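Full structure from sequences and hints, please.
Chains as they are written, first to last, in the numbering used here: chain A, 1 to 449; chain B, 1 to 279; chain C, 1 to 314.
Rather than coming from a laboratory, the hints here were simulated on the basis of the structure.
You may find that some hints are simply not true.
[Claimed, not checked] Label-pair ranges, simulated between beta-carbon atoms:
no., chain 1, residue 1, chain 2, residue 2, range
1, A, Gly425, B, Gly57, 38 to 44 Å
2, B, Ser59, A, Pro430, 49 to 55 Å
3, B, Glu173, C, Ser74, 54 to 60 Å
4, A, Gln201, B, Phe56, 27 to 33 Å
5, C, Ala300, A, Thr68, 35 to 41 Å
6, C, Arg306, B, Phe56, 55 to 61 Å
[Said to hold, decoys possible] Just a sample of chain C residues kept apart from chain A, beta carbon distances all over 12 Å, derived:
no., residue
7, Leu89
8, Leu98
9, Pro149
10, Asn256
11, Gly277
Predicted model only: the values in this text are computed from it and were never measured.
Just so you know, even glycine gets a beta-carbon here, dropped at the ideal spot from N, CA and C.
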Amino acid sequence: MRRRGFVGILTVVACLVLSGCAQGWGFSPSNSNGKINLTYALWDPTEQIGYQKSIDEFEKLHPKIHVTIEQIPYNSYQPKLTAEFITHKGPDLFWVNTPFLGTWIKDKVMVNIAPKIKADHLNMSQYYPALVQLHQHDGKTYGLPKDWDTIALYYNKDYFAKHHVTIPKNLTWTPDGGGTFMQLLKDATIDTHGRNANSPQFDKNHIASYAFNSANDMQGSYLNFLAMNGSGVFPKAYDQKVSFDNTKGIQTFQYLTDLINKYHVAAPGAELGPNADDSTALQVFARGEMAMYMAGDWNTNSITQSTKFKLGVLPLPAGPSGRASVFNGLIDAINVHSAHPKEAWMLEKWLGSAPSQKILGEGGYIWPAIKSLDKYFLQAWKKKGLDLQPFLDEAQGKTVNWPVSPGMNEALTDMGQALGPIYLGSNSVPAAIRSAADAANHDLSTGAQ
Amino acid sequence: MGLLRWGRFGRLTIFYLILIAVAAVFIAPYIFAIFASFKSLSDIQSQRAWQPPSHFGTSNFSQVLHSQHFLTYLGNTAMIAIIITIGQVLFSMMGAYAFARLPFPGRDFLFWVYLATLMVPNVVTLVPMYIVMEHLHLLNTYWAIFLPYVLGTPYAIFLMRQFFMTIPEDIIEAARLDGCGEQRILWRVVVPLSKPILLTAAVIAFVFGWNNFLWPLIVTDSTSLRVVTVGISNLQSNFTVQWGLVLAGSLIALVPMLIVFALFQKQIVNSIQLTGVNR
Amino acid sequence: MTAVAPSTNVSTPAKAGGAAPGRSKRRQLGTAAFFLVPSLVGVLAFLVLPVVLVILLSFFRWDLLSAPKFVGGSNFVDLFQYDHIGHSLLVTLYYVVLNIPIQTIIALGLAMMLSRKLPAMGFFRVLYVVPFLATPVAMAVVWNWVFDPKIGAINTLLGYVGIHGPAWLGSSAWAMPVIAFANIWQYAGYNMLFFLAGLQAIPKQLYEVSGMDGAGKFQQFFRITLPLLNPTLLFVLVTGVIGSFQVFDTVFVLTNGGPGDSTEVMNLQIYQSAFVGFHIGEACAMSVILFLIILIFTVAQFAYFRRRTVYEMT
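Here's what the structure looks like:
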């Protein structure tokens, strides 16, 4: 009995070792088929499918080049790439997450492609100007824009119909709690007796479903509102001081947290994830306990798969300074230590080109960064029954860029931690803003050193 | 004392009820995970976790199993976990024997050096370890994944040392007087007497090797070298989290560990019976 | 019967090995070397070397990508001035205090129950170790189903008995106990394994003898079981304390330090310094401080057990 068990284990070992696990034991496998191998790192498994389609075309055009997509889980993307950069290894081409952009520029891990753009006479005006600027610093350019995203309100059409919620023509908000947006929020918040928040008998202690998510998330929430109230998170890229620690900033955060704690029209912070960071908001929306879900368009796939009701999209409400949305996009950067910079540039150019972006747009993966191609993405989703026009309107309207500076990633992490308590109703807004700004300013000044 | 009046039957009933209650707490999250692994993403998001799936659709499982390389990942993981288990138990056993039973100068100091390495967080040793691997030219090979854990770990050595020290000195001294060398004593005397803890250490090493995530992820790039934890983690991203797939994949990966643990559990019981319960 | 009156017998392992007079130190070293070389190679290359680098780097400013710059002790000063390391230390200590006693008592209790010779004990042993097999990726979503204030299993159960449950992970008072609960859930059965092995090594004759002396179950536990479990207990406590001071995965997945900074444990701050802020020097300095604290606790535990541990069970 005992012996048989042991022999069994030995057999399993032997089989495993022999079963063609021969590769992986040698020292740096060399490729013998004469092709040049490029590695392209990204973190999203859904977009990976789209990019593989694009790269298949690229390989047809350049039979001498073979591209391997290396997908790294999002949470480990940063540590893994960092370890590889230190030892001068890493993928030839990689997605750049905007929070790290400033630091990676400072640390010179990305090739400045400005001379190559000039030499190849690339038409940079085909892209959204804000996306091009986002990835430029000191006259250098670090990548061609590929995609973009804005923030809007997904809404549950079935919920609106069931509770007879009507959508005002012009959505507006004011920091004192006025505007048509507040009317909509009150209409869409329903207590356990089926009364909405406009009703005098509304029972704020027994709310069945809320109007939307006011989350402790810069890109998905508060930066949009700050911009619409004539403020912001950051005066301009590569500054070292944040700009929300003033009257306008306090006013905006007061409004956003009042929606939860005073007006009871936004879901409680505790239901939105750790420090109300929005990570579980989609679940609340999917359960039908939130009428609208304020989120970036990269969530579209996730939202359609997570919900069973009819979806629609509303633009953000316009604030005192009009309507504005955070506008962001990704680039591919070329590794300064790439062994094949020429081929990496060819791939970069391909991924920034219209043929590649058309493939990804038509597949419904991303909004192409080339303005004339946006219609393909719009059509792809219209076919699936979802009109994403509001995102496009916002991209073409007033936008605010993601704040870029070395140390920004740490600053945002610390801000999230300091601001969490106001969304959970356990700290005063001015005090939280003070400590958020202090922490962020310290991170930004040390991040630049 | 009132319990005594219930008699043996009553006491046993309470005993088993407690065991079942504890088991319920330990297993409930797994029940949620099993239910979810049979649901669509929209059901997972909208239903309560304890709501059984309306039908046991296996699409998540088949999607995971048919996803490009999942079986390769399982094979890699099994191989690495087995290598780590064998090496770690064997070499830790040797080290533990030296610390527990051999007098040599500097023993206490060396033991504390071993222990001290447990006290520095992995998060910061990760990058230095990566650099060591780079200098050994072992990045992106199987070696890189298991080498740091296969030569015996301070943790396992500490564990075994504690048990080796409880073996009565007269038994070992008797073997020495019979002319046994230290190697023979370890194999013929200490190992047979320490089967329960050696098997426990083996299970732990196996589970560690199977579940290890960050290190294999960082030292390998090729899909052909990928382990199952990394494969599962790749199913989620910041954009779309396919919880059904993640949980189905995790449950598939759990099965081999459960089998190994059940087998070892049997072995532990057998080894106790064979040595006459105790020494 | 040394077990009943512990203290005098083999208090340290040093006696073991029968230091025969003829053996030279060199020969002892030679024999020991054979047994130690494999683990020594591994420990030196993959643990000691990295740890030495960490200690050195704690005196440098290094953002991982540009060249390290020597800054003396300024990393350590910064930790106290800007990073509120005192707060993290207290939070971590709070976690250790919540976690270790409960986890150890549950593990020991389960081991005592399952070491009885009754049907289905093997089955329960396997069941109780199942949580140990869980991976953080899967637990992230599962714990949310348990602790969500609205749809979580716990608040739903509480609701049946008319209690309005707290927000758990959204409440700064409850977040840390919840994290401790999650860790106890995962590791109680795991630590039970060591106690099971330890209990099996206790000679049954001791109980028989003491049974004749008329000692009750209660006395037997404190006079035989516990003293003879000391080697196991030392291992479980020392490794448990080392692990708890370095708690990371559960916190990262459940609260990421929140609400506010109420669960910002040391290792989370170390991770954020290293891989979010790229201040590897600061991360190393924090690790050095954490290391020293853990070392003090470990030495104290060894010292405490040294006086009362009986290793030989004759």
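Distance restraint hint 35 to 41 Å, applied to the beta-carbon atoms of Ala300(C) and Thr68(A)
violated, 52 Å
With d taken as the least Cβ-Cβ distance between Leu98(C) and chain A, does d exceed 12 Å?
Nearest chain A Cβ is 19 Å from Leu98(C), so the label holds.
Status of Pro149(C), Cβ more than 12 Å from any chain A Cβ:
violated, 5 Å
Taking the beta carbons of Glu173(B) and Ser74(C), is their distance inside 54 to 60 Å?
holds, 57 Å
Assuming the hint says 38 to 44 Å, is it satisfied by the Cβ distance from Gly425(A) to Gly57(B) or not?
holds, 41 Å
Least C-beta distance from Leu89(C) to chain A larger than 12 Å:
holds, 17 Å
Looking at Gly277(C) again, its CB stays over 12 Å from all of chain A?
violated, 3 Å
At the C-beta level, are Arg306(C) and Phe56(B) separated by a distance inside 55 to 61 Å?
holds, 56 Å
Evaluate the given range 27 to 33 Å for the C-beta pair formed by Gln201(A) and Phe56(B).
violated, 45 Å
Honestly, do Ser59(B) and Pro430(A) meet the 49 to 55 Å range at C-beta?
holds, 52 Å
Beyond 12 Å on every Cβ pair: is that true for Asn256(C) relative to chain A?
violated, 5 Å
Hint compliance for this structure: hints 4, 5, 9, 10, 11 are not met, and every other hint is.
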